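Residue numbers (this note's numbering), protein chains in the order written: chain Y, 1 to 152; chain L, 1 to 631.
One or more of the hints may lead you astray.
Just so you have them, the derived chain L footprint on chain Y, three or more residues with Cβ under 8 Å [claimed, not checked]:
#1 2–14
#2 122–136
Once the Cα atoms are required to be at most 27 Å apart in a straight line, the calculated DSSO-like pairs of lysine-lysine come out as [unchecked claim]:
#3 L/53 <-> Y/146
#4 Y/146 <-> L/615
#5 Y/143 <-> L/603
#6 L/554 <-> L/582
#7 L/380 <-> L/194
#8 L/513 <-> Y/143
#9 L/424 <-> L/602
#10 L/501 <-> Y/102
#11 Y/31 <-> Y/72
#12 L/602 <-> L/513
#13 Y/130 <-> L/95
#14 L/423 <-> Y/143
#15 Y/146 <-> L/602
#16 Y/130 <-> L/582
#17 L/87 <-> L/134
The set of hints was computed from the structure by calculation and includes no laboratory data. Keep in mind the model is a prediction, meaning the values are calculated, not measured. Beta carbons are placed, not taken as given, at the ideal position from N, Cα and C, and that holds for glycine.
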Amino acid sequence: MEITMDKVDSILLDHNYDPASLISILQSVQKEAGYLPYPAMLRISERTGVSMAKMQSLGTFYRSFSLVPTGKHKVCVCMGTACHIRGGHQVLDKLERDLEVKAGETTADRKFTLETVRCLGCCSLAPVVKVDENIYGRVTQNKVPKILRDYT
Amino acid sequence: METTVKTVQSVKKAADLEALAKLGRETLESLKPKVMVGMASCGIAAGAEEVYKALLHEAQDQSFEVTKTGCLGFCQVEPLVSVSLPKQGTVILKKVTAQGAAEIAKALKAGNLPAKDTLCTLNGTPRISGESGKGAVPSYEELGFFKKQKKIALRNCGFINPDSIAEYAARGGYKALLKALTSMKPQEVIDTVKKAGLRGRGGAGFPTGVKWEITAKQPEKEKFIICNADEGDPGAYMDRSILEGDPHSVLEGMLLGAYAMGASQGVVYVRDEYPQAIEKLEKALSDARAAGLLGKNIAGSKFSFDLRIVRGGGAFVCGEETALIASVMGQPGEPSQRPPFPAQSGLWGKPTNINNVETWANVPYIIQNGAESFNSLGTKTSKGTKVFSLVGKISNTGLIEVPMGLTLRETVFEIGGGVLNGKKFKAVQTGGPSGGCLPENLLDLPVDYEQLNSAGTIMGSGGMIVMDEETCMVDVARYFLDFLKEESCGKCTPCREGISKMLDILNRICEGKGTEKDLALLEETAQAVKDFSLCGLGQTAPNPVLTTLRYFRKEYESHIKDHRCPAGVCKNLVTYRIDAEKCTGCTLCVSVCPSNSISGEKKKPHKIDLSTCIKCAACYEVCNFGAIIRE
């Protein structure tokens with residue numbers, strides 16, 4: 001996924017070029033492009049008058065932003081307390097082994113980005129894994145290959 | 001047939017609201033057979049979407065209506081479906097599957113309530129018998145999970161269609177707002193909330209009415225109110241459930257607060273990880289606007305108030321008031337020194353009141369029913385009810401709302417049905433990363449703000465995570481510090497460096513490399529972080545460490561002295577072997593072992609090669625005979 005400068009401009013216009021809406025602007029760009037591309041950040045900085053240093057600080061402070069391109073599918077392993085004590089870390093280990101990446105990385109074929117999330121609020125179904133917008137509950141190591149198979 | 005929500009006219013007086021409520025009753029107490037599918041995020045994750053589609057398919061002949069609702073709280077047995085027949089009553093079904101939809105339809109078309117997968121009946125439905133041999137279906141009030149619950153904040157979740165402002169009105173919604181606007185002065189609203197004894201449900205428990213009064217008394221004309229829906233505590237999800245299941249209750253609470261404090265603008269700061277909550281809230285705002293209950297001259301009065309949604313960026317520290325305000329203004333969410341408090345100088349330097357979702361949702365109930373209806377529940381210092389998310393190693397996971405003062409034992413064993421798979425109870429963790437772990441001998445502690453504080457933990461937003469003998473308390477402390485290390489904003493040194501140092505020590509202990517001196521150093525560092533951090537995140541960060549040291553010191557000592565993890569969690573300190581007596585040689589473990597460390601002949605006991613075993617526990621998880629021993 002990439003983003004055109006026209007799209008960035010239209011997002012900026014939607015938010016009135018308001019620096020107070022910077023997080024929302026970046027969220028829209030991230031949604032469109034899958035990450036925050038440098039040229040888009042530069043454009044936002046120019047148009048809102050917010051320095052690149054400050055943009056960078058926002059981009060790194062909040063967990064939902066990525067400054068590097070992500071894969072086609074986002075695999076999020078919940079690391080909430082309920083998931084942790086019901087074996088979430090073992091599910092993460094299994095995903096790391098199967099996808100051959102560490103959490104936060106993208107597979108070489110750009111198919112999957114493996115991430116951890118602090119809590120998806122589906123604690124009753126712990127351990128939980130979310131792939132794109134689909135939530136899987138009571139995941140075991142055994143179920144991991146089956147879940148991944150759904151995504152091409 | 002899918003129920004459509006009719007458009008509403010402007011609400012200006014009690015009669016208009018009654019007309020809206022009547023519309024709601026038409027769908028809520030439909031004259032047709034009706035099914036409601038619990039479709040909050042937890043329901044969908046359990047498969048409710050497929051159930052909903054299958055039911056819609058079955059209802060193509062318009063023989064019954066299908067609608068969506070929020071979460072009833074008993075998440076363990078989702079997807080939940082409520083089935084109603086006019087004059088016969090309502091039955092709630094559990095663990096419904098798409099295949100089960102046909103049976104529900106069949107029963108309804110034959111004029112019966114379904115008898116399969118029944119959980120309980122609702123609203124005085126006459127006794128019905130369930131599946132043959134299982135006796136009568138209990139009523140909602142009789143079921144162990146619901147018996148001791150008292151729902152105020154969750155009063156509509158799972159009972160109405162959250163997209164319908166009319167159904168909210170049918171359950172008494174917006175009556176409190178109209179009552180306040182027509183017959184109460186702003187100060188009277190504040191006084192009622194004060195008298196009710198409502199305290200902040202986000203964690204710290206500050207008296208809500210007092211907070212409102214401070215904001216109301218500021219001389220500045222422009223004031224803001226904020227709803228903190230940045231539910232960051234891992235293991236707590238009541239705010240998500242309320243926003244997904246009953247968004248209007250939060251909106252009405254905020255309207256009452258805005259009226260009481262004289263605020264004309266508000267913000268709901270929601271986690272970006274909660275897309276459905278945002279969607280439901282947006283719908284609620286637009287319906288309320290259309291009904292004249294939000295915007296200029298609300299319900300025909302002089303009071304005007306509008307609200308916008310701000311999506312959070314994913315930072316735990318933004319649950320802290322000053323950090324949240326910084327984030328709303330487009331800044332990194334770093335807390336600032338208090339005073340000045342947000343009530344004096346908050347958003348854009350104006351007086352700002354922040355309450356969390358659950359707090360706001362309680363307000364309409366209090367105004368509508370009077371302070372006594374709320375303060376007659378609970379303990380001396382903690383009034384009303386509290387929502388808890390009962391999760392972890394527990395049989396009945398879910399969201400419960402109980403009067404303050406219920407003991408941990410009643411909560412965990414009576415409502416929660418005890419520890420999962422009959423294992424031994426070890427601890428219950430409350431308060432998220434700022435809270436602590438309480439041991440078995442404190443199970444009779446009545447849960448309120450003060451009692452939890454005296455035991456070394458906090459109420460927090462209401463996460464209650466049950467731990468069993470297979471949970472390592474040192475690992476739990478390490479887990480929370482790992483969480484907090486990443487979430488510390490880094491502004492002040494004690495929090496940034498102290499947490500990191502404590503984590504180093506705990507990592508050492510979990511690897512079996514800890515020394516006895518480490519425990520003293522851990523305690524000393526914890527105290528320093530507690531005393532000198534800038535905001536609540538750092539000040540409470542040591543709690544998980546301090547409580548586990550206080551109640552589970554022996555487990556730390558086992559790690560240090562015996563190089564053993566009694567719970568079998570810390571990888572470096574456990575080994576796996578196969579019990580030859582129990583192993584049947586089914587080879588299931590061989591097929592899942594990623595390092596090919598298990599070998600043996602079919603139908604004969606197998607062996608694990610410890611030199612290549614990576615301790616992933618895959619074999620332990622799949623063995624059907626309990627033959628894999630972890631020690």
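Hint check:
no.: 1; hint: 2–14; verdict: violated (count 0)
no.: 2; hint: 122–136; verdict: holds (count 9)
no.: 3; hint: L/53 <-> Y/146; verdict: holds (23 Å)
no.: 4; hint: Y/146 <-> L/615; verdict: holds (22 Å)
no.: 5; hint: Y/143 <-> L/603; verdict: holds (25 Å)
no.: 6; hint: L/554 <-> L/582; verdict: violated (31 Å)
no.: 7; hint: L/380 <-> L/194; verdict: holds (14 Å)
no.: 8; hint: L/513 <-> Y/143; verdict: violated (34 Å)
no.: 9; hint: L/424 <-> L/602; verdict: violated (34 Å)
no.: 10; hint: L/501 <-> Y/102; verdict: holds (24 Å)
no.: 11; hint: Y/31 <-> Y/72; verdict: holds (12 Å)
no.: 12; hint: L/602 <-> L/513; verdict: violated (40 Å)
no.: 13; hint: Y/130 <-> L/95; verdict: holds (21 Å)
no.: 14; hint: L/423 <-> Y/143; verdict: holds (24 Å)
no.: 15; hint: Y/146 <-> L/602; verdict: holds (26 Å)
no.: 16; hint: Y/130 <-> L/582; verdict: violated (36 Å)
no.: 17; hint: L/87 <-> L/134; verdict: holds (24 Å)
In this structure, the hints that do not hold are numbers 1, 6, 8, 9, 12, 16, in rising order.
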